[in-house]
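**Q** Protein sequences appear in the order of chains A and B. Mapping to numbering that gives the first Met the number 0: the first sequence position 28 is 27, numbers consecutive. Mapping to numbering that gives the first Met the number 0: the second sequence position 51 is 50, numbers consecutive.
Quick caveat, the hints were computed from the structure, so don't treat them as lab data. Just so we're clear, the structure is a prediction, and the values are computed from it rather than from any experiment. Each hint should be verified, as a subset may be incorrect.
Said to hold, decoys possible - Part of the chain B face toward chain A, derived, beta carbon under 7 Å:
1. 76
2. 77
3. 96
4. 103
5. 107
6. 119
7. 124
8. 134
9. 154
10. 165
11. 168
12. 478
13. 482
Every residue, glycine too, gets a C-beta built ideally from N, C-alpha and C.
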Amino acid sequence: MATFLLRRLGLMILTLWILSLIVFFAGQILPGDPGRAILGNLASQTSVHALDQQLGVNRPLLTRYLSWVGGLFHGDMGVSYAYRTPVEPFVRAALINSVKLGVLAFVIVVPLGILGGVIAALNEGRFPDRVISVTGLSLATVPEFVSGIVVIVIFGVSLKVLPVSASAGAGASALSQLDHLILPTIPLVFILFGYIARMARAGTIEALNSDYARTATLKGLPRATFIRRHILRNSLLPTITVIATQTGYLIGGLVVVETLFNYQGIGNLIYKAAQAKDFPMLEAGVLTIGVVYVLATLAADLLLTAFNPRLRIGAST
Amino acid sequence: MNAAAASGAAASGGAEPSDPASTLAVSHLDVAYRVRGQDRLALRDVSFTIARGETYGLVGESGSGKSTAALALVRYLPRNGRVSAGTITISGQDPLSMGKAALRDLRARTVSMVYQEPGRALNPSIRVGRQIAEVYELAGQDRAAARAASEEMLRKVQISDPRGVMDRYPHELSGGMAQRVVIAMALAASPSLLILDEPTTALDATVEAEVLDLLPPLREEFRTSVLFISHNLAVIAKMCDRVGVLYAGELVEEGPARAVFDQPRHPYTVGLLRCIPRRGQRKDRDRLDTIPGFLPAPGEEPAGCVFAPRCALATDRCRAEAPPAYPVGPGRASRCFYHEAAPDMPRSTPASLPAAPAAPATDTEPLVGIEELSKTFTARGSSVRALHSVSLSLRRGETLGLVGESGSGKTTLARVLLGLTAPDEGSVVTLDGARLSPDARRRPRDVLRALQIVFQNPDSALNRRHTVRSLISRPLSRLAGLSGARLRARLEELITSVRLEDRHLPLRPGQLSGGLKQRVAIARAFGGGPRVVVCDEPTSALDVSVQAAILNLLADLQAREQASYLFISHDLGLVRYLSDRIVVLYLGRVMEVGPAGAVFSAPHHPYTEALLSAVPSIDGQRTQRIKLEGEIPSAASPPSGCVFHTRCPRRLPSGICESTEPELLEGEPGHLIRCHIPLAELRGLQTGETVSLQGESP
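Looking at chain A on its own, in the form it has when it is part of the complex:
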């Protein structure tokens, strides 16, 4: 178990290192000059040059990369070109917002998706299966900006029952925050429900068709015990992996939804940073999302190991 964890940890660090390389160098080869981007088209070439000098962007690439990575180890994520202040507080605030939205979507869609998938599998080929599968697939193909606008129009504009902006404003109560987050959650649930339900359905069908399911049925176990004890535990293993990758998406991939609902999450943050050529902000944001992904995958691996005795390394054979 210890070696397993160590190896996983090593892989995580490697992943993050490669990510840092990509993020950093991709940022550098983007056309455009940070100084020019900050000062605007009308600024003189000398002042742009002076700013570049000040920002350190005309130092050699490797030096800049090393000083950036060195900073990361001290918790220094760099200084924003646009705001001229450390990016860390921006990233932190955005991350917290993103986590709020992501967690809400997660706690709604994961149980719903699993339940839907399992119900579909138990009724394979019959009416409930068709309804769930077709619904899941249809919802997953609707882009977030379409479903987002539809819910805004229906609930926010026509019915006026829910706020159309996701941000409740500073110092709002938890309840009010939740109220604001309901609408943006809906498109996310739509997108993910189909994925999760499909995986849960496939896993459950596979488990139902297995030899051990036959053994359990022929033991004469009551249906509920059979499903709970012999099916779910095995059938949801692949779903866990899918959920983990989708967790990364829920935290870091919500550019469209966050923009649409004007929510200051990390997706929105990197979108704006990219527009403003605010590389330190962009790099910090993307790297943060990378950390979230890697952690989610690690969590999934640990869960899988916990549920699946065959994966436990070092188990006696």
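With chain A's structure known, arrange chain B on it following the hints.
**A** Coordinates of chain B only, in the frame set by chain A:
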């Protein structure tokens, strides 16, 4: 006449369906699968009964409906399957008409089932003990009592450390252990009917023998009736009181097992028994008989007898009219108009040989030489010695049989020879005296051409996207360098020699039966004119009747092309039939090597002796079985001294077996044994017993 025959058949079944003495009564059962809107009968008018405490065998090839019968009994047919006619009565209850709760109750208390893959029958994420205890808990026991009962049950299936085993997960058990656990689980409910569907097919011969030995006493103790389903005639002969032979969904013959196997009265049973090499049949003396043709396609409804298209005795009457079940002896019935003539039915394949095969040259230089071959696999820091200084030779035109339990290194040896696995430093593999590169990619083309393989599973060995023509042509152009008219001529010759037809050439493997696919694989292997063909379990995925045809084919091809075979099989009967010399491997070491006759008859290595005695025989010559203690040790930590000493029934009391590894010594010319017991003494210990396989034709 029909009516009389039918009533005779019913009487022959031993009991009327309503007879309260029978545990199971199946009467006129039809089972249909709905495929593309049409019902296809998988079982047709099947009737049989099993008396209390009786073991009834259902034997048949794949597609005969054996498993369908078992699943129908417990009402676990696939969703497109249903019982379309007939009745089933299990201990007075009718599973077909009962409600869900009653069905659950029937499964929980009255019927249990064990099937082929024990590893897959157990839930991978629940500890073994819990899975057994579940059965007791269902019967109303509390957790502690259920656990104690499970432990007791495991002891009854002779698991030495029940407590330890209960805390394990299924993947931590060997196949034999897992099957014991499954049997324990099945018996936990003290069922009145135990269904065993190919319970030992996935197991090694020695393990199979142990599991089979376990069953009769348990059957006595639990007073259970047993339905034993198998394709293996010998296993059925060993285990069953009565037997029913299924062909294409019909019970074609039924009767006491001994009588049916000694004097079969249906052409199908006769044919099946003739397909199996036995009574000292050898490739250089006899060809096996075969059953021509194929099972009727699913959904095909023959007007007459189902077996008529493949039967040597069939007349117009057989093709027009379905034969009733004729009583052919006490408790026996045969669905054949010509049951009188069946035992003397003409052969489909001539017994005589097409050409007198040249005896393998014994005095020439070996074609393949293997010296001091070792192979160590390292994984996660620990190393496993799959092969340990193996030295062998293979002569021209000779078949070298390779036997041993799983994990003995058979396949590794074949892979090393083919250059697919690199052996350890110092190992030498030669062809015609020239050293071969350990890596097939570095071997010159004529070496590749000389060494070919036929795999166990033609499904995965043949590329499904290619036609038969391109599969066979490719080695002709790539290895033999043929093209144009010469390639076509050679292709023609090859497909004729493996008895394929022109119409098969444009087909893809998916459109062929298992036997035909294996013929394609053999044609492919012989394409380049190989000198050595490795046959790695070439028939174990095939049915008995198909197997015979493939064995004949291999023997004929060898006689004609003078190829040498390295023949790997777990079936000692096949090895005996085809091999000139035999190598017995155990934990990667050669325990015995010698001429086939010498290896199969005493004196031989105690391990060989045990292997041979584990093979059930159709002929009913029950020999004293040599029991092996325990499981095959792990190759990662082989026992000290003689690696076989942990299981050897003839271990010497002096302790030398534990401390010193014996040399492989030549006792008789060309016959080497690795054992501390002197040959003369072995001869004394192993006298008399005649395993049917070794008998030089009675």
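**Q** Provide an ascending list of the numbers of those earlier hints which the structure does not satisfy.
**A** 1, 2, 3, 9, 10, 12 and 13
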